[in-house]
Amino acid sequence: MSEIDHGGAVSHEPAVHAHPDAPDGHSVGTRRSYLIGFALSAILTAIPFWLVMNNVIADTMIATIVIMGFGVVQILVHMVYFLHMNTKSEGGWTLMAAIFTIIVIVIALSGSLWVMYHLNTNMMPGMVMDPSAPII
Amino acid sequence: MSQTLHAAPDAQLDFYDLVEHEHVAHDSTRIGFWLYLMSDCLIFASLFAIYGVLGANFAAGPSPVDLFNLPLVAVSTAALLFSSITYGFAMLDMEEGKKGTMLAWLGLTGILGAVFLGLTLYEFSHLIHEGAVPQRSAFLSAFFVLVGTHALHVTFGIIWLIVLMVQVGMKGLIPANQIRVQCLSMFWHFLDVIWIGVFTVVYLMGMLR
Chain A
1 MSEIDHGGAV SHEPAVHAHP DAPDGHSVGT RRSYLIGFAL SAILTAIPFW LVMNNVIADT
61 MIATIVIMGF GVVQILVHMV YFLHMNTKSE GGWTLMAAIF TIIVIVIALS GSLWVMYHLN
121 TNMMPGMVMD PSAPII
Chain B
1 MSQTLHAAPD AQLDFYDLVE HEHVAHDSTR IGFWLYLMSD CLIFASLFAI YGVLGANFAA
61 GPSPVDLFNL PLVAVSTAAL LFSSITYGFA MLDMEEGKKG TMLAWLGLTG ILGAVFLGLT
121 LYEFSHLIHE GAVPQRSAFL SAFFVLVGTH ALHVTFGIIW LIVLMVQVGM KGLIPANQIR
181 VQCLSMFWHF LDVIWIGVFT VVYLMGMLR
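Keeping their order, the protein sequence lines are chains A and B. Counting in this note's numbering, the first sequence runs from 1 upward without gaps. Counting in this note's numbering, the second sequence runs from 1 upward without gaps.
To be clear, the hints were calculated from the coordinates, so they are not data collected in a lab. In this text, a Cβ means the ideal position worked out from N, Cα and C, and glycines have one as well. One or more hints might be untrue.
[To be verified] Where chain B lies over chain A, by a calculated footprint (3+ residues, C-beta under 8 angstroms):
(1) 37 to 47
(2) 58 to 72
(3) 78 to 84
(4) 89 to 102
Kindly produce the complete structure, drawing on both the sequences and the hints.
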């Protein structure tokens, strides 16, 4: 059976469930891939710590964005090198579940932050007590 | 395996099911555990959302800059990162059937996890000693819930690791134990992924504020 059969296009065939080319259906790493992942993670951890500890970037906004960027990249490194996520493991279902989870997380996080931020800024006591504002 | 694949179509699904039952059961264990991890991810996402919303509400109390000790966080981050690679080496040894070295790597992983946990507990006790208790401000409530939930996960990961080492020691690398080691591997690396979010959002961004 070729790997293409795991893609789902012919998933009604019983043989597809047997994962013939991967005895237990999941991908394993090699010593090399673990070491690459570790080296990348160490670098991606050390740089943001160094940036914050030495106040390298003066602008807080830019520093925040840079640090979050490093965090996101490191999470991706962990998913690929340590959790062995790819399009083929478990016939693609781990990736599907992960994508769904990420979508839910993005909606929940951005929605919460957005709504609560606007609630905070628009409902500030200062706005009501502003003498120049028309009182209705 | 190949016999199954070459079976005539009318030799049937139930024949197929009977032969493959063992196999399919192991497969569903791994995907099922992955789905659990994804739901756990949602728990942490909501805790991160709470921290994101409340993280700046200090109630005239201490702020991250007053409380956090970045070198300490760097050490615990390093411990967790090293434990990821030692667990990876344990997985490789398991694939090669080296039980002794695998147990040694697992033991080292557990020790590194315990170091991480000890540093977190030290930090918590230090904060509480300084009066930065969860009920002090919304920021501290959110902080203790988020970091505490992660530390609780690490605690159970270490307990699981010890139980698994005993099981492997007693029964050897039987398929059931291999599946368990693989599931704990996912759990352990998943906790490391969550910790990346924690040290980025809570500690590093907190110090910038």
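Structure-based check of all given hints:
Counting residues of the segment 37 to 47 of chain A whose C-beta sits closer than 8 angstroms to any C-beta of chain B gives 5, which meets the bar of three, so the coverage hint holds. Counting residues of the segment 58 to 72 of chain A whose CB lies closer than 8 angstroms to any CB of chain B gives 7, so the stated coverage by that chain holds, three being the minimum. Interface restraint, the segment 78 to 84 of chain A with chain B: holds (4 residues with C-beta to C-beta distance below 8 angstroms; minimum three). Coverage of a stretch by a chain is defined here by at least three residues with a beta carbon nearer than 8 angstroms to that chain's beta carbons; for the segment 89 to 102 of chain A and chain B the count is 7, and the condition holds.
The structure meets every hint from the earlier list without exception.
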